[in-house]
Every structure is written in structure tokens, then in C-alpha cells.
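Asks: Dock chain H against the given chain D, drawing on the hints supplied.
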Amino acid sequence: MKKSVQTRRVLVGMASAGMVLALGACSSSGSSSSSSASASGAAQPTAAGTTASKITSIAWGDAVAADPQYKAMGDSFVKSAQALGIKVYRFDNAANGATSVTNARLMVQEHPDVIIDYSGIASANPEIGAIFTKAKIPCVAINLPIPGCSQFGFSQQQLGTEVGTAAGKAIVASGWTGSDTTLIDAWSPMYGQDVNYAQSYLYSALAKALPQWKQVSGADIPLTTTNVGSHAVFVNGSGDLQTTNTVVKQALQDIPSSQNIIVSVFNHNSALGAQQALVAAGRKNWVIIGSGPSAAEIQSIQTNAHWLMSADFFFTAWPKYALAMAYALHAGAKLPALTESAIQATTKSNVNTYYNSAGLLKSAPPLPAADAYLAPYLAQVGGAVPTS
Amino acid sequence: MDPIPNAAGTKAAQSPPAAPQPSGVEPTALEAASAAPPATQPAAPTGWVVSRWRKSLVQSLGVGLCYAIVLVFFSVKLDNFVTTANVETILDGATLLGIVAVGQTFLIVGGGFDLSVGGVVPLGAVVFGTTVGRLGLVPAMLVTVVVGAGVGLVTGLIVVYGKINPLITTLGMLSIAGGAAYIVVNGQTNELTSPAAGFWGNSAPLGLQTGTWAFIGLAIVGGLFLKFSVYGRSVYTIGGNREAAELAGLRVNAIAISTYVLTAACAAFGGAIAASQLLASAPDIGTDTTLNSIAAVVLGGAALTGGVGGMSGTILGVLLLGTISDGLALLQVASFYQTVITGAVLLVAVGFSRARDVLALSSFVRRRI
Numbered sequence: 001m002k003k004s005v006q007t008r009r010v011l012v013g014m015a016s017a018g019m020v021l022a023l024g025a026c027s028s029s030g031s032s033s034s035s036s037a038s039a040s041g042a043a044q045p046t047a048a049g050t051t052a053s054k055i056t057s058i059a060w061g062d063a064v065a066a067d068p069q070y071k072a073m074g075d076s077f078v079k080s081a082q083a084l085g086i087k088v089y090r091f092d093n094a095a096n097g098a099t100s101v102t103n104a105r106l107m108v109q110e111h112p113d114v115i116i117d118y119s120g121i122a123s124a125n126p127e128i129g130a131i132f133t134k135a136k137i138p139c140v141a142i143n144l145p146i147p148g149c150s151q152f153g154f155s156q157q158q159l160g161t162e163v164g165t166a167a168g169k170a171i172v173a174s175g176w177t178g179s180d181t182t183l184i185d186a187w188s189p190m191y192g193q194d195v196n197y198a199q200s201y202l203y204s205a206l207a208k209a210l211p212q213w214k215q216v217s218g219a220d221i222p223l224t225t226t227n228v229g230s231h232a233v234f235v236n237g238s239g240d241l242q243t244t245n246t247v248v249k250q251a252l253q254d255i256p257s258s259q260n261i262i263v264s265v266f267n268h269n270s271a272l273g274a275q276q277a278l279v280a281a282g283r284k285n286w287v288i289i290g291s292g293p294s295a296a297e298i299q300s301i302q303t304n305a306h307w308l309m310s311a312d313f314f315f316t317a318w319p320k321y322a323l324a325m326a327y328a329l330h331a332g333a334k335l336p337a338l339t340e341s342a343i344q345a346t347t348k349s350n351v352n353t354y355y356n357s358a359g360l361l362k363s364a365p366p367l368p369a370a371d372a373y374l375a376p377y378l379a380q381v382g383g384a385v386p387t388s
Numbered sequence: 001m002d003p004i005p006n007a008a009g010t011k012a013a014q015s016p017p018a019a020p021q022p023s024g025v026e027p028t029a030l031e032a033a034s035a036a037p038p039a040t041q042p043a044a045p046t047g048w049v050v051s052r053w054r055k056s057l058v059q060s061l062g063v064g065l066c067y068a069i070v071l072v073f074f075s076v077k078l079d080n081f082v083t084t085a086n087v088e089t090i091l092d093g094a095t096l097l098g099i100v101a102v103g104q105t106f107l108i109v110g111g112g113f114d115l116s117v118g119g120v121v122p123l124g125a126v127v128f129g130t131t132v133g134r135l136g137l138v139p140a141m142l143v144t145v146v147v148g149a150g151v152g153l154v155t156g157l158i159v160v161y162g163k164i165n166p167l168i169t170t171l172g173m174l175s176i177a178g179g180a181a182y183i184v185v186n187g188q189t190n191e192l193t194s195p196a197a198g199f200w201g202n203s204a205p206l207g208l209q210t211g212t213w214a215f216i217g218l219a220i221v222g223g224l225f226l227k228f229s230v231y232g233r234s235v236y237t238i239g240g241n242r243e244a245a246e247l248a249g250l251r252v253n254a255i256a257i258s259t260y261v262l263t264a265a266c267a268a269f270g271g272a273i274a275a276s277q278l279l280a281s282a283p284d285i286g287t288d289t290t291l292n293s294i295a296a297v298v299l300g301g302a303a304l305t306g307g308v309g310g311m312s313g314t315i316l317g318v319l320l321l322g323t324i325s326d327g328l329a330l331l332q333v334a335s336f337y338q339t340v341i342t343g344a345v346l347l348v349a350v351g352f353s354r355a356r357d358v359l360a361l362s363s364f365v366r367r368r369i
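Quick note, the sequences are listed as chains D and H, same order. Taken in order, the first sequence gives residues 1 to 388; the numbers are from this note's numbering. Taken in order, the second sequence gives residues 1 to 369; the numbers are from this note's numbering.
Source of the hints: derived by calculation from the structure; they are not laboratory data. Hints should not be assumed to be uniformly reliable.
[Stated by the list, open to error] Under the rule of at most 20 angstroms between Cα atoms (straight-line distance), these lysine to any residue pairs were calculated in the SDA-like manner:
{"no.": "1", "chain 1": "D", "residue 1": "LYS284", "chain 2": "H", "residue 2": "THR287"}
{"no.": "2", "chain 1": "D", "residue 1": "LYS71", "chain 2": "H", "residue 2": "VAL184"}
{"no.": "3", "chain 1": "D", "residue 1": "LYS284", "chain 2": "D", "residue 2": "GLY178"}
{"no.": "4", "chain 1": "D", "residue 1": "LYS284", "chain 2": "H", "residue 2": "ALA85"}
{"no.": "5", "chain 1": "D", "residue 1": "LYS71", "chain 2": "H", "residue 2": "GLY207"}
{"no.": "6", "chain 1": "H", "residue 1": "LYS77", "chain 2": "D", "residue 2": "PRO256"}
{"no.": "7", "chain 1": "D", "residue 1": "LYS71", "chain 2": "H", "residue 2": "VAL185"}
[Said to hold, decoys possible] Derived CB-CB ranges, DEER-like:
{"no.": "8", "chain 1": "H", "residue 1": "SER194", "chain 2": "D", "residue 2": "GLY192", "range": "34 to 44 angstroms"}
{"no.": "9", "chain 1": "D", "residue 1": "PRO256", "chain 2": "H", "residue 2": "THR339", "range": "28 to 38 angstroms"}
{"no.": "10", "chain 1": "H", "residue 1": "GLY207", "chain 2": "D", "residue 2": "ASN285", "range": "17 to 27 angstroms"}
Note that this is a predicted model, so its numbers are computed, not measured. The beta-carbon is built from N, C-alpha and C at its ideal position, and this holds for glycine as well.
The following block holds chain D by itself, in its conformation from the complex:
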């Protein structure tokens, strides 16, 4: 019995020693990998005058790869990074908090130089931030803030207000009034309040141009809202084609055929679903305010009279911005808490300024003044970054 205990102790000791050695080897391997990256990366002078080792790897988290817009964004990022010789570890957060947290752990395990994570579930982000912070890996949070990461995004409230104001002018110019016009707002409450502010603030800005509508602040339209006054219906389109088609059909039941209809949607799939519902219902006087927008949506604005405008946050340029932010972080630059994307209402009058006839971004809009720090890094990645 005594001999058995001794044997066990020896075995445990050997196992412990083995683990320590293995950990040491891993640690030194990581270090040497880093060192070798620095050495082989031929330290690059940045336009800002700083020097940085070459980025060798980035971990990228898609918000939800099943959505065409998000997938296109991830594809574009991977293409851009690979063109610069960067290895990309790509993960799909699948619009799921638990998956996002698991992915954060997996990202850290890959020991990338920078992590760029688009976690669309705000409640998961504190835990994700803790994981990144503990690993001491610089990170960029896309759209929603992650503690400890530099955020890239935009103000949903500001976008909603700008688009609502532009839409109000266009609606009034076309001769529609608050009395003969109804808004169907196909938002997506399950994604949370923040990303739906663009929709609620759009209403409040639009209502200012149409005084017959109930005047209410966008902040006072909670996610359980189904109608505001008698001229705005809020329906849950869930951001997908079929659901939006169904809920818009249902909403149309309640709207007299004489009414002009404005449909504001969450994304392009929703726009297509709403469009088909309006056509199937035989409605004549309607316009769509899109969001995103995708290339197909831009083409619709260019060619289809029913497509009024799009809440444009230049989504297709985001990979370029994110990559530039990664370069800035890796170079040791101090980034602002929020780097803002350009936003605007892309209308029939300005669509051709930024997009070509194929609906692809031909020139990115000017950066907001606060993003001036990004310019030299954008120059570094710009040549290799597709604009769509």
C-alpha cells in the first residue's frame, strides 16, 4: 500500500514536471513566433511616422455569416487581409451571445496580433471584453462596444435622424402629406434597442416634416411599440425576407388603399420582402427606405422609382476601416474610444457620386474629422482593399 502511494507520487511528480516543461515550450514557442514575426516583418514606417512590425495574423468575428450583408463584409475583409499577406482566423458569431463568447476564447487561443470582433449581442460583450483584456491582445469592436476594445461604428440615432429628415423633405416635395401617408416600419426588436434607434429616430425626424403625425422622440419609442399615432405601424420583420413579407402583408390589411405608404426596413432582405408584399397587394403609391445598402439596393435606388433612399453607413467600406484600425493598434497608436463610419441618406440625387452603375462603392466618402488619425493607415491598406 505504501509502495503504491509512493509510485503514485512519483507519477504525479513526473506528470507535473512534464506539464511545466510543455507549458514552457508553448510559451517560448509563442515568444519566438512573435520575435520571428518582428524580425521577418521588416519594421515598417507608418505614414504617421511610427514604426510597426508587420501584422501576421488577425482573428475576425462575423456578426452572423448567414446574413448576406454580414457575410459579404467578412469575405471582403478576408480578401483584403490576405492580399496584404495576413493570416485570418475567421469565426461566425451567428448572432448568438454564447457563440460569441466561445469564439472570443477560440480567437485568443490562436494568438493573433489583433482581434476584430463583430459581436451583435450587446449583453455578451462585457464577457468578451474580459477575455480579450486578459489575453492582452489589442482588439477592435465593430458596431457595438466591447470593453477594452477600440470601437468602430456609428450613431444609430444620428443616422435615423439624417435619413428621416431627408425622407421628410422628399415626401413633402412629392406632394404627400401627413394625412394621406402611413409609415410601415419593419424593424427587428430582437436585436435590441440600440440598433433599432435608426428606425425610431427616423420616425421622429420624419414626423417633424409631417405635422399631422404624432410628434414623439425616437428615444420614447420602445421595442414593444406597434404603432405611433394613426400613421405609423411598427412590425417585427426580423431582418429576413419571408418574415418581413408576412408582417407587411398583415400591416397592409389595416391601411386604406388610398393611403400613400412609406416602408422603412432593417436590411435589404427585409426590403425585398416588403416590396413583394406591396406589389402583391396591388398598392400603387409606396416608397421604400432601405438600410445598408447592398449593391442590389443601390441599383434599385438608381433605377426604381419606388426606392426612395437608403440609410447608408457605407457598410462595404467597413473592412477597410477595420483593417486600418488594426494597423493603427499594432503600430501602438492611441485610438479614440469610437471611430465613426461615414453615414448619410443615399438618395437618387447623390447615389451616383459614391456608387457606380453596378451598385459598387467607387469612392469612399470623407472621413469624419475625428477619424483623421486613420488616414495614414488607410493609405497603407487602401491599395489592397476592394471597395465593395
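Replies: Okay, now just chain H, sitting in the frame of chain D:
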């Protein structure tokens, strides 16, 4: 269409023998009753258990009554509920789920179930979307249905010959088919612009869409086929008592596989119709049909253990789900609450049926005493 080529099997299906008694063990009354094809089954049960047919009827009546209450409620609460336009909206909206549920009914009555429909529907939608412009409507529909049937065939073969639990198999196929749908279109949504693509969304008699008429036709044909054909009665027999069906000479494996093929073909067909109605094909169309189709079939009186159920009950279940969704939207109930209310109504519907079932049973027991 007779799936039972041998004389013994045909006889078994048309004039059922008493269930054989393996190893000298007396079959229970339920087994004896369920071993016989329901179409020729005597009305009175052989034991104290109410016959499965009666149970199904009771539950159909239960969901029917529940549906009637829902209709009355919304009719009273809403001025615009009982209108032609709204009836069209409900029926058009029920088309996809209805078509999937028609196939699912055969499978559940036969003792199986298929979770993969939530992957096959979008696969059907994108296959239709990518082929209709090049091939035209009919060939594209054929390709779509064949692809769906192929998925069903693989599923059926794995379940029947691989002896792998249908839950795991169809869950796996759900993932495979759903993933394949994303691969086919690279995750993108494609607008369908060819004139043929919108055929199932065209307006047809009574203001309903062509696709809705296809659903109505499929439900009628499917219901008659399930109830009155030799094949349909064989499905009931297999679902009721597989061992007895085998001993009676039915080609149990072939019929079981065919129900998976039929279900997946219906799902792909439904996906094509949905894409046509939406004039766009996307890999997320109909992903919610998995549980909804099973819920509709069970609401309609089917038992997940097989051997019980019918098409009329399934259609009632589909309409109940569609009507609740429509009515709550017209009442402008917030989407978060809609989800809760829908679940509660479904529980009430099933609970109500169960209560009637228990009442019928106790009444029968009292009569026997």
C-alpha cells in the same frame, strides 16, 4: 402506386388479419387495434382503450373547436378580420407551412418525423431560384422536387437501414441541407426576375395565389391518398404497430423510406413556391418550418408515436397557427407578446384536446362498467 406487390401484403392491407402473437405473448388490445389498418377497423374498440381513430377524431374536434373560438374572438375584436383580403392573407401565408405539413403528416402517421424540412425548404428555394431562369418553370420544379426527394431518400435509408434514431438523422440532415442552401447561393439573396419565376405568386381564382391553390390541391389529394389508398392505410398500419405490419407482409422498410422521400419532396416543393411568391430566393426561407410543421400535425390529432392523425386535422393545425399570427398582428400586439400568446394558445389547444380525450375515455369506461 400500390407499394405492396405480394398478394399477402395486399390482403393484409385490405382485410387485416389478427395481429400474430409472437412467442405466445398475448398482444394488448391497443396493439391488436392498431395493427389493423384503420380504414377497415371496426368502430368499437376491442378493449377499454378508446380506438386511435376515435382519439384522432376527438383531438381534431378539439383543435377545430379551439380554432372556432379563435375565429370568433378575432372576428369580434377586429372589424377587418372577416374580409376577403384577410382570408386571402391567411391562406397565402399558410401555404408554405401547409405544404410541408402535408408531407410531415404521412411521416408522423407512419411513426417517424423529420426535422430536416427546415433545411430542405431553403434548399428547395435556392435550387428553384438558380434553375428557373435557365430551365423554365416546369423543369426547375422537377429539379427542385427531385433534389428534395434525394435528401429524403438519404434520410430514409439512414434511418431504416442504418437503424439510427430519426431525431439524430434528421437533425444532421437539417444541418446538411440548410448548409447546402447557403453554399448554392454563397449566402446571398437572389432576386428572381424571369417571368416564369413568379408563377406560384400569380393571382388565381378567388384572389388566392397559384401557390395557395397548389397547397389546397395537395392537401385534398394527400388527405384522400392517406385515408383511402392502400399505401395510406399501410402507413397507418406501420405507424400503429410496425412489428405486426412486418408480420402481416407489408414492405415496411420501403414504405417507411417512401414517407421520408414524400416529406422532403413536399418541403422542397414548398420552398420553390415560397421563393416564387417572394420573387427572391434566400437560404433562410422557411427555416422555421421544422417545429411548426410538427406542431401543426400534432395539433391536428396526430400522435408522435405514429398510427394516428389525418390531413384534415393537420390543415386545421396549420390554419390555427396562421390565424393566430394574423389576428395578433392585426390587433397590433407587440412581437414579444405574440410569441408568448401563440405558445399559450397552442398549449390550450392541445390541453383542450387532451381533456376531451380523457372525458371520452371515462365516458367509455363508465359504459363498459
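Asks: Hint by hint, say whether it matches the structure.
Replies: Tested hints:
Simply put, LYS284/D and THR287/H have alpha-carbon atoms about 31 angstroms apart, too far for the 20 angstroms limit, and the pair is violated. As the CA atoms of LYS71/D and VAL184/H are separated by approximately 14 angstroms, the hinted pair is consistent with the 20 angstroms bound. Restraint check for LYS284/D and GLY178/D: satisfied, since their Cα atoms lie roughly 18 angstroms apart, inside the 20 angstroms limit. For the suggested pair LYS284/D and ALA85/H, the alpha carbons sit about 17 angstroms apart, so the restraint of at most 20 angstroms is met.
Between LYS71/D and GLY207/H, the direct Cα distance comes to roughly 38 angstroms. Violation of the 20 angstroms bound is thereby established for this hinted pair. As the CA atoms of LYS77/H and PRO256/D are separated by approximately 19 angstroms, the hinted pair is consistent with the 20 angstroms bound. Under the criterion of a C-alpha separation no larger than 20 angstroms, the hint pairing LYS71/D with VAL185/H is consistent with the structure, at around 12 angstroms. At about 39 angstroms, the beta-carbon gap between SER194/H and GLY192/D stays in the expected band of 34 to 44 angstroms.
Checked against the hint of 28 to 38 angstroms, the C-beta distance between PRO256/D and THR339/H comes to roughly 29 angstroms, which is consistent with it. Between GLY207/H and ASN285/D the beta carbons are some 21 angstroms apart, a value that agrees with the proposed interval 17 to 27 angstroms.
The structure does not agree with the numbered hints 1 and 5 stated previously, though it agrees with the rest.
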